[in-house]
Amino acid sequence: MESKNKFYFAITGVALVVIFWIWYASTNPVNEQALVTFLSVEELLDDGYSDRVRLGGLVEDGSIQLDKNNYMTCQFELKEGDYLLPVQYTGIRPDLFKDGAEIIIEGVFTNGVFEADILQTKCASKYEGDLRDANSYNLEEVSI
Amino acid sequence: MIPVIGGLALNLAFGLSIVTIILLSFHLRTGDNRLYFSGQRAALAVSLLSFFATFVLAQLLMVSNFDVDYVAHYTSRETPTIYKITALWAGQSGSLLFWLFILSIYAVIAILQNQRSQQKLMPWVIIVITTVQLFFLILVNFVTNPFIPTEADFVVVNGLGLNPLLQNATMAIHPPMLYLGFVGFTIPFAFSIAAMAKKEMNALWMKTVRVWLLFVWLMLSIGIILGGWWAYQELGWGGYWAWDPVENASFMPWLTGTALMHSIIIQEKKNMLKFWNMILIIITFTLCIFGTFLTRSGIMSSVHSFTASSLGPIFLGFVFFILIVSFTLLFYRKTFLRSEKRIESFTSRESGFLFNNVVFVVMCFAVFWGTLFPVISEAVRGTKITVGAPFFNQINIPIGLVLLLLTGVGPLLVWRRTSRQSAVRNFMIPVSVGLMTALILFIFNMRGYVLISFTLSSFVLTTILIEFAKGIRSRMRSQHENVLVAFWRLMRKNRSRYGGYIVHVGIVLMFVGFTGHAFNSEKEFGLKVGEKEHLDNYQFELLRLSEEERPNHYAYIADLKLKDSDGKTITILHPEKRIYFHRSPDPNRRQPHSELDIYTLLNKDIYSIFNAIDTEKGVAYFKIMINPLVNWVWIGGYIFIFGTLIALFPSKKESVV
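Sequence lines, in order, name chains Z and U.
Position one of the first sequence corresponds to residue 1 (this note's numbering), numbered consecutively onward.
Position one of the second sequence corresponds to residue 1 (this note's numbering), numbered consecutively onward.
Next up, chain Z with everything else stripped away, as it sits in the complex (with noise of 0.2 Å):
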């Protein structure tokens, strides 16, 4: 009987020491990019943020430029509902990332650019396209 006590202390022991494990670490995250805000751009520009923080949006049409000296280096704006933010990234593109894509970025603004330093894609299994959209289509049209 006592033995079978012994146990159950050891097991919730080693449960309760991982448990608080995981509580310390997510409340003393390693580095600034293990637990990261989430903001939408109207909150960042509203608030003005200094510390890193990860935004969602869409790559506005035509605003890609990449920087005549290092291709590495681009500048874009990331436009969410009504709001534009002028990003600046360098470093691998995804290869999905192009107007109108639907990308994440990580960084830090400052002086009205957001720096980033961590840029994904979404990766949709198939080219966004709307169905209803014509233009997405090789298509003939039919004569009715």
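Read the hints as simulated data drawn from the structure, not as lab findings.
Predicted model, so just to flag it, every value in this text is computed and none were measured.
All C-beta atoms in this analysis are idealised placements derived from N, C-alpha and C, irrespective of residue type, glycine included.
Take these hints with a grain of salt, some might be off.
Chain U stretches covered by chain Z per the calculated footprint, using a threshold of three residues with CB under 8 Å from any CB of chain Z [said to hold, decoys possible]:
no.	segment
1	353-359
2	366-376
3	391-397
4	591-598
5	602-616
Simulated pairs of lysine-lysine, BS3-like, Cα-Cα distance not exceeding 30 Å [stated by the list, open to error]:
no.	chain 1	residue 1	chain 2	residue 2
6	U	K523	Z	K68
7	U	K528	Z	K68
8	Z	K6	U	K269
9	U	K274	U	K198
Given the structure of chain Z, go ahead and fit chain U onto it with the hints provided.
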């Protein structure tokens, strides 16, 4: 016409699945065998209709019938035939139908294989399987039907095509493998519910459940490893695991499933932990459904998930339904599941298994917590906190290392109780080897997790080697066999044990590969033809930039000469920047794709990505990564799979019976 037939098959299957459940419920109430046989036949018909519907969709994809919305969405005329078929699981409704398809294969096998031997349990087994089928039938019939016609007032001449990222052989088999694992847990779950409902849990039940578990666990493992391999080879960020919600969704049932693979041994050998194993089976199956939910609901902003969210509440409802029904049943059967025996000592192998289980389950909880943290934080504090890979690594590295330690300690413990003498005898050599390794690594300036991980790896490998050596030596003595024969027969005599050890070797090698991540280095740079860059004693020189038009894309190809520190040429890397659909008049439809080139050595990979090209100035931009030891992840993976196959392979002795 044909799409209508597909839809009709799904309608019929839906109706028949309800009939099956009703018939079998009446059989259970009345004991009338005719009701059982009708029910069984109805269940088989549900599966056959599901096959049929899947084949119809596959056929529609093959012939590019763009009258069907799904076909038009995920394929085009130019899509290679093989990828027309893989488009079956490229989209939401197709992948749910595919879930149903695999479940139906399993259902037919489970029914035909066990209809005689498990007569008592079968009504319940079939009810559970059919209920799960019914759930997916509801989804493909009423929520997201793959046979919906294209909504356009013009004739669709060509479809949208499949993402080139998905046009890859590994990607073609990765989802089916994961599905084979995910879906497969339905069968052991069904047998467990049946066993509890009927209070019948004999040796045959044990064997059936164990073999199913091993098989589906293997499929899940292969699926996860392939997913990592694909990410590494194709996605071009140099990593194989990102702690993405969808990856976590497959990892969580794997963790509880692995716990189960261990604790089921105790049940088999000692008839203990029955209650606990039931909990693990229920949780693992629930996590599989939950995983499908995470992938398909769009609740997490993951790179994988589809955005439609009407599925969310239905899936969540089903998850709660499973949990409530299973745990209620479990509660009523707690006396039936009580073990007569108790674990006798802390230093027994049983207790080693038990601690292993606890650690696996808390690790699963840690992953669960991290995955849902954004949702939880938003609900509790109003701000959404996203969780990055560093968080998961921070939490899971120490837990993983504890597991690695237990991998070594477990086999050294004796059943029931390990005496002091045998403890000293068993631990002496492995611990010494581990300490020696630690000392050497310390001298070579390694610290922290790297030091611990390599030390534990050497410790565990030594324990496994000793286990093999002991077994072989005793056979050589008692049977007068030579080393190889002794090794071969040893494995054959006790496949689950030695297969398990081989799985452990694979895991240790994978840990070695994971640890190599700590030494990764990378650099991004632009080069003109003739220019050079350096990284870690390697020199990269851009020899040539060429262009080529190929059948379905346009490629820029870089010839990147790689030299080592002695100035010796190692190889020429050819990373490419491709543009798919380059002829499309709409620039937005053109799809860039970076084709990596990786130079692989046993101790490191040199990984090159062609990021961008400035055609005016003739500058090509690259990212180069040097990833030490990464190959050991894949080598470990192969060994892991091999070990599981050994444990799974039917033994002669059993097949005679």
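How the hints compare with the structure:
By the rule of at least three residues with a Cβ nearer than 8 Å to a Cβ of chain Z, the coverage given for the segment 353-359 of chain U holds, with 4 such residues. Remark: the segment 366-376 of chain U is confirmed as covered by chain Z, as 4 of its residues place a Cβ nearer than 8 Å to a Cβ of that chain, reaching the required three. Judged by the Cβ-Cβ criterion of 8 Å, the segment 391-397 of chain U is covered by chain Z as claimed, because 4 of its residues qualify and three suffice. Coverage of a stretch by a chain is defined here by at least three residues with a beta carbon nearer than 8 Å to that chain's beta carbons; for the segment 591-598 of chain U and chain Z the count is 4, and the condition holds.
Check result for the segment 602-616 of chain U against chain Z: holds, 5 residues qualifying (beta carbon to beta carbon below 8 Å, three or more required). With a CA separation close to 20 Å, the supplied pair K523 (chain U) and K68 (chain Z) stays within the 30 Å bound. Note on K528 (chain U) and K68 (chain Z): the hinted pairing holds, with a Cα-Cα distance of about 15 Å set against a maximum of 30 Å. Taken as a hint, the K6 (chain Z) and K269 (chain U) pair is honoured in the structure, with Cα atoms around 23 Å apart against an allowance of 30 Å.
In summary, the hint linking K274 (chain U) to K198 (chain U) is supported, as the alpha carbons are separated by about 15 Å, within the 30 Å threshold.
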